[in-house]
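Novice: Given these sequences and hints, build the entire structure.
Chains as they are written, first to last, in numbering that gives the first Met the number 0: chain A, 0 to 282; chain B, 0 to 677.
Hints in this document: simulated from the structure, not taken from any laboratory. Honestly, I wouldn't trust all of these hints.
Stated by the list, open to error - Straight-line distance between alpha carbons at most 27 Å, and here's what the computed DSS-like set of lysine-lysine pairs gives:
(1) B:Lys-104 to B:Lys-92
(2) B:Lys-584 to A:Lys-80
(3) B:Lys-406 to B:Lys-508
(4) B:Lys-665 to A:Lys-99
(5) B:Lys-387 to B:Lys-406
(6) B:Lys-335 to B:Lys-468
(7) B:Lys-135 to B:Lys-202
(8) B:Lys-665 to A:Lys-27
(9) A:Lys-161 to B:Lys-259
(10) A:Lys-161 to B:Lys-371
(11) B:Lys-406 to A:Lys-161
(12) A:Lys-97 to A:Lys-85
(13) B:Lys-286 to A:Lys-144
The primary structure of each chain is shown beneath.
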Amino acid sequence: MAVHFRFFYNRIKIYEREDIRMALLEVKNVKKIYTTRFGAVKVQALHDVNFSVEEGEYVAIMGESGSGKTTLLNILASLDKATSGKVLLNGKNLSEIKQKQLCAFRRDHLGFVFQDFNLLDTLSLRDNIFLPLVLAGISYGEMDKRLSPLAEKLGIVDLLNKYPYEVSGGQKQRAAVCRALITEPEIVLADEPTGALDSKASAKLLRLFADINKSGQTILMVTHSIQAASHAGRILFIKDGCVFHQIYRGNRSDEEMYKMISDALTVLQTGNSPAPFENGEAS
Amino acid sequence: MNKKIKKWRILPKLALTGVMKSGTVYYPYIAAGIFSVFTFFIFSSILRNDVISILPHSAYAWMLLQIGRVLLAIILLPFLFYTNSFLIKRRKKEIGLYNILGLEKKHIGVMMFTEALFSYMAAVTGGIVSGSVFSKFLFLLLLRMTGLPVEVEFVFYPEAFTETAIFFFWVYAINLVSNLIEVGKSKPTELLSGGKKGEKEPKLLWIYASIGLITLAGGYVIAIRSEVDSMIFLNFFLAVFLVIIGTYFLFTSGSVAFLKVLKRNKRVYYEPANFITISGMLYRMKKNAASLVNICIFSTMVIITLVCTSSLYLGLNEILYFNYPYDASFYAQSEKADADAANEEINALGEINDVRINGLVSYERIALSCGKEANAFGVSFAGGMQNKHNYKVNIITLEDYNRMEDKEEILGENEVLVFSSGADFAYDTVRFMDRQLDVKKELKELKIEPKSEKNVFDALFYIIVRDQKMHDDLVRSWAEENGVEDIEGFANSDYRIVRFNVEGDKADKDAFFDSLKAWCESRPEFVEFYNNLEGRANDMSMYGGLLFIGILFSAVFLMCLLLIMYYKQISEGYEDRDSFIIMQKVGMSEKEIKHTIHRQILLVFFLPLLGAVMHTVAGLFMVDQLFTTLRFFNGSLLVSCAACITVVFVIFYGLSYLMTAKTYYKIVRWGESPAVNA
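Specialist: What follows is the structure, encoded as structure tokens:
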């Protein structure tokens, strides 16, 4: 597989734009190899991933299922470790953080939004949102102070006392976004945030993400939905474990972005057609 | 046509793989079925045995087994029903999937029928085979416990097999019908989402919580304060009822209310250590309160059953002594009686039959029923609540007393000795009808009458008087007060009582008793002859039978307990698995999560145990009172039995917790990285 890649595509180098600011998140030569339980089969999920995210950016990572984008996100989230390479957040190498401090690190610096919301049924929405703050030992007054403007913005003020099983998917996801934002994280990592939502709720959530980004929040979102990606400021395309294309928004509208993304995807997919032949040759 | 046949063929296969696939819930169900059949078959095969009805003194044991089997059926039916309903809830998803994939309801019906048939066959075969293996052993155990002759042959009767098979046929048929109804009325989408449903907040939380607290307290108060009187059985059932209701409400609403109070206190609630625990407990209590109540009640039942039966059995000798202080008694009308003749005859017959006569006593007494008020014995109370102050007062002379007890007491002009077989009399003077007498001494023991402070139920008094004249005076005054017409005749209506113990071989004793009884009955003064060995054997058969049933029932209760516990662990496991992953993603370390979940599980599981121990303690007061009606007065034996059994039970409970927790951990699979699941 690796052979096929180097042979066929000129990998697009992503040059870091050092002229503006130091990058918030830097991903350098990240490689991930999964080994099956008995070590018999090794699967390379990420080959050599390089990119960086600057403060205030809204980046979407696109790719088909199996392209390695979830693996990448797990590594960024420090939920998983890269086999080799570096992930730097604010210049701090994630792989150097000790296991014991990892949880606290994640809590303090990262915000998460998941496809399946990951809200605890045992807690009301309010308490779900408070959970990371409680774990960080923040006082109730402070938590409440932080919550009110956020809840207002996300439109969940009336839902705070409800339990996850009592509200709709879109509402759950907005609560999850609130939970991600309340710790004032340096970066919000979103994994297919619209994956479990209907189109109306998806649109609402994406508008919300754009708003949050406008107010300065850095967001990194993994998705395979063109609609979701079209709201982002920059889109990275990942395929078979490598980043090989990216699109900057510039001054384009969402609709124009949509068009560009789908065009890019079409090219990538049709470009893939000789693969079986090459595959045969490579092996 | 061909295709259709294939489809019908595949259904049993699906059923079987369904059973295998959900083995974690199915095998325990089958195991419970086997054990239920096993116990039922044991009862049946012992009851059906001709031997048990022929053996002497076996009537009580037989009757107890008979009642026991009915009770067993009453317990097993709802229990297996409960287990089955848990099972069907878990399997709804699979059935829903089959339905969506194109199996019609009737096909699913056939599948479920096959499953029911399979589990029925497994239970009945397993139960009867193991029952046949163990029933002889258990029969011998029963015989030993009841003191019945062990040298009998145990035979299997076909009726036992058919009875068992038929009873369980109905049990499984009922379960199948309920499953069919359950599946029939639900839509496939509902079937698919089967197990998951949000928990509703119980309404009127505070009212229910207070009802729980009040009823439980009421039950405890009744249990602790009730005394032996005509109301005690009513009180007993009332207390049991209140405690069960109270436990139910306290577990379902009380615990939730309590946790809500904690939650309302923001300072306490939003502490990292409390946050997850309180909210988690709240959720668990809402979801699992009902099964916790069941666990609590079953635990209490196991402990109380074992405490009652074992302490009765261990205290049997004492009970027998209280019921029958002597091996034999001969009652005769004293005016016609020749005391020496009886003594001589007893000794002579003893020698002939090669048995030794021990501790023979012979005395005259008259028993008068009196109403007692403080230190005064007056006319008996008639009816109403005063009834319980009526006592039998026995009057014997100092001469008889000194001879019996081998003492040389001397009494003054107006003096008497007093003995109470219950609580002490504790007065310096005694008023008998219109006579005022001085109590020279209150006797603490009397050979012919065992004494226990706790003997309230049928205590009696002895007044030992100076001489025959005073005896006559007292009897006359009683007769006058009670309006007896033939006062002279009445004054002479004492009984002469001869009581003694015998020692020797059983056959010799029997022969001796037979000939003595014949002699006594031939005498003109004959009133009654008691062979107390018979009575004791009957008692032994009854209490031994009780213990046997108690042990078997405890085993059944334990099985119920274990299964409820196991199923609860499974359902908790599936829920915690999700929470575990989420919490890790949100930023709790694995260690923190393990710690808090472990603590919650422990709390949830040991709450019923705490309840059971408290119920047992309160229940002991009542058992202690109830046992006095059986003349079991050994409170310390009861308490030590209770302590031992509670300790053993706590250990068993802990072990079964650990065992079932294994399944829980297997489901939750600690340490699985959330990234892999993402």
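Novice: All hints are to be evaluated individually against the structure, with a verdict given for each.
Specialist: Structure-based check of each hint:
For the proposed pair Lys-104 of chain B and Lys-92 of chain B, the alpha carbon gap of about 14 Å is at most 27 Å, so the pair holds. Proximity of Lys-584 of chain B to Lys-80 of chain A is assessed by CA-CA distance (about 15 Å); at most 27 Å being required, the pair is judged to hold. Restraint check for Lys-406 of chain B and Lys-508 of chain B: not satisfied, since their Cα atoms lie roughly 31 Å apart, outside the 27 Å limit. With a C-alpha separation of about 25 Å, the suggested pair Lys-665 of chain B and Lys-99 of chain A falls inside the 27 Å cut-off, and the hint holds.
Under the criterion of a C-alpha separation no larger than 27 Å, the hint pairing Lys-387 of chain B with Lys-406 of chain B is inconsistent with the structure, at around 34 Å. With a CA separation close to 19 Å, the supplied pair Lys-335 of chain B and Lys-468 of chain B stays within the 27 Å bound. Between Lys-135 of chain B and Lys-202 of chain B, the direct Cα distance comes to roughly 54 Å. Violation of the 27 Å bound is thereby established for this hinted pair. As the CA atoms of Lys-665 of chain B and Lys-27 of chain A are separated by approximately 38 Å, the hinted pair breaks the 27 Å bound.
As the CA atoms of Lys-161 of chain A and Lys-259 of chain B are separated by approximately 15 Å, the hinted pair is consistent with the 27 Å bound. Distance hint between Lys-161 of chain A and Lys-371 of chain B is unfulfilled; the C-alpha atoms sit about 69 Å from each other, more than 27 Å. Between Lys-406 of chain B and Lys-161 of chain A the CA atoms are separated by roughly 86 Å; this puts the pair beyond 27 Å, and the hint is violated. Distance check on the hinted pair: Lys-97 of chain A and Lys-85 of chain A sit about 15 Å apart at the alpha-carbon level, within 27 Å; holds.
Straight-line distance between C-alpha atoms of Lys-286 of chain B and Lys-144 of chain A comes to about 33 Å, which puts the hinted pair past the 27 Å bound.
Consistency with the previously given hints fails for numbers 3, 5, 7, 8, 10, 11 and 13, ordered from lowest to highest.
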